[in-house]
Amino acid sequence: MFYKLPNTLIDTLRNWLPVFYSTTLVTFSIGLYYAIYNSPPDYIQGDSMRIMYVHVPAAWLSLGSYSILAISCIAWFVFRNPIFNLFAKSIAPIGAVFTIIALVTGSIWGKPTWGTWWAWDARLTSMLILFFLYIAYMMTWQVIVNKELAAKISAALGTIGFINIPIIKFSVDWWNTLHQPATISKLSAPSIHISMLTPLMLMTIAYLFLLITLFLIRYKTELVEVKISRIKH
Amino acid sequence: MWFYNLIVRDLKLAFYSSTNFLFAASFLILILILLPFIIDPKVNQFIQIYTGFIWLSIALSILLTIDRVFESDYEDGNLDAIILTQKPLELIVCSKFISHWIANCIPIIVVIPISAILFGININEIINIILNVLAGSTGMVFIGSAVSSLTLGNKRSGIYKSIIVIPLYIPFIIFGANQESVLVLIGLSMFAFIFSLFTTTYSLRLYVE
Amino acid sequence: MNEIIYMNGYGSYVWSAYGFTIFSLIFLFYFYYQTLVKKERKLKDLQDKHEQKS
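Protein chains in written order, with this note's numbering: chain A, 1 to 233; chain B, 1 to 209; chain C, 1 to 54.
Next comes chain A alone, as it looks inside the complex (with noise of 0.2 angstroms):
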């Protein structure tokens, strides 16, 4: 390949990841501690609300890490550094799982509160387009055996993909259907109680730190490849 590989970042990293390691289970053990045991049930949808705990954080996080592979994609294609080809190929396979989880659990919840396990609504539909995307870009490397052609389709899968993201935050403000409307939104308060505020917020720093560590996982793993695959040369 052609760029250096710092040796010095795969030694910084093993001295980190511990650090990781027990920061993600601290955080996760007292999200779901509150989320469980020390968070109201809802008027309206009784316990079943607690799934939200886990569904919003997963579908937040998965957004992020698409925006996070197109961002790097869009990337390698201005600098043409190959350490951005890296950091979408940790993220990906990440984002899928979260992806699973929001559908799988979304679907769950959907159940007992609206009656249905899944709906062809705007925002359930491009979620699971959004899965297939992670498909397709983990796939690409796998499936296409001229390297540089495999960096550049799945670079420009990563790109046009993100159009994606807009749809998905925005559809159900477009479209009126069976998902409920944001609750929590930047411009404005929550309009969401403090008691059921502070686990989801919980959850979503454990799920931060989750994806953090598991990105570090990765991408120690891609370096490692690279190294291994440069002694074979």
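Keep in mind that the hints were calculated from the coordinates and are not lab data.
Be careful, since some hints might not be right.
Stated by the list, open to error - Below, a list of computed lysine-lysine pairs in the DSBU-like style, where the Cα atoms sit at most 30 angstroms apart:
hint: 1; chain 1: A; residue 1: 227; chain 2: C; residue 2: 49
hint: 2; chain 1: A; residue 1: 111; chain 2: C; residue 2: 53
hint: 3; chain 1: A; residue 1: 232; chain 2: C; residue 2: 53
hint: 4; chain 1: C; residue 1: 39; chain 2: A; residue 2: 220
hint: 5; chain 1: A; residue 1: 220; chain 2: C; residue 2: 42
hint: 6; chain 1: B; residue 1: 42; chain 2: A; residue 2: 147
hint: 7; chain 1: C; residue 1: 44; chain 2: A; residue 2: 169
hint: 8; chain 1: A; residue 1: 220; chain 2: C; residue 2: 53
hint: 9; chain 1: A; residue 1: 147; chain 2: C; residue 2: 39
hint: 10; chain 1: B; residue 1: 155; chain 2: A; residue 2: 227
hint: 11; chain 1: C; residue 1: 49; chain 2: A; residue 2: 152
hint: 12; chain 1: C; residue 1: 42; chain 2: A; residue 2: 152
hint: 13; chain 1: C; residue 1: 49; chain 2: A; residue 2: 147
hint: 14; chain 1: A; residue 1: 152; chain 2: B; residue 2: 155
hint: 15; chain 1: C; residue 1: 53; chain 2: A; residue 2: 169
hint: 16; chain 1: A; residue 1: 169; chain 2: B; residue 2: 161
hint: 17; chain 1: A; residue 1: 147; chain 2: C; residue 2: 44
hint: 18; chain 1: C; residue 1: 42; chain 2: A; residue 2: 227
hint: 19; chain 1: A; residue 1: 111; chain 2: C; residue 2: 38
hint: 20; chain 1: C; residue 1: 38; chain 2: A; residue 2: 227
hint: 21; chain 1: A; residue 1: 220; chain 2: C; residue 2: 44
hint: 22; chain 1: A; residue 1: 152; chain 2: B; residue 2: 161
hint: 23; chain 1: C; residue 1: 38; chain 2: A; residue 2: 152
hint: 24; chain 1: C; residue 1: 42; chain 2: B; residue 2: 155
Go by the hints and put chains B and C onto chain A.
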């Protein structure tokens, strides 16, 4: 002249025996045979269901036959020979598109009126469906050829091609199953033509250097 | 305790959702960690062989 010769060569390969003429349409024929067992043709909205099934089977049969565009020529080295003749690569790709479209979609367009008569559908609606299929299938063939050229020489790329191609077919199917949208389909096909031309020439250059 | 397990009638939904989430996250973490350990072992082997040769 060589353009015409390339197209004739591909068509001869596709239709080398008289039974091979309906190969691309065989999927359509199978689905249309099974259709009366699924739903009674005297139902009110049958034309919608019929159109939907036709578009579904067109999408899937094009997906099945895109391997024949470049793969078989790539494997026995003919693609290298054609490209080494130093003719403009864009025109070679265009000739492949045209011959592939003729080999795949003319049989389908022949089968549709026959089956429509069997199901008792009006002549107006038949003409509408055929116009839609003419306009839409061109775009689908272009996109299919482009995606198959991206994964040349790779045996286990079947599911990958499907994952990329099916979402790209969704606009064609949406507008095709509608009745009044020939112009939209022509526009989509032109868009697909530009996209496929650039993608195919780029990836052919990479694969056959 | 009973209230936590049954969740006033929604217990099966809530616990299946949480269970799926935690299971998939743990599986993901475990899978990636094992891959990293395997690759690091392979790198160490290759580096030792390389040093032996030169």
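Point to revise | Numbers of the earlier hints that this structure fails to satisfy, in rising order | key: 2, 6, 7, 11, 15 and 19
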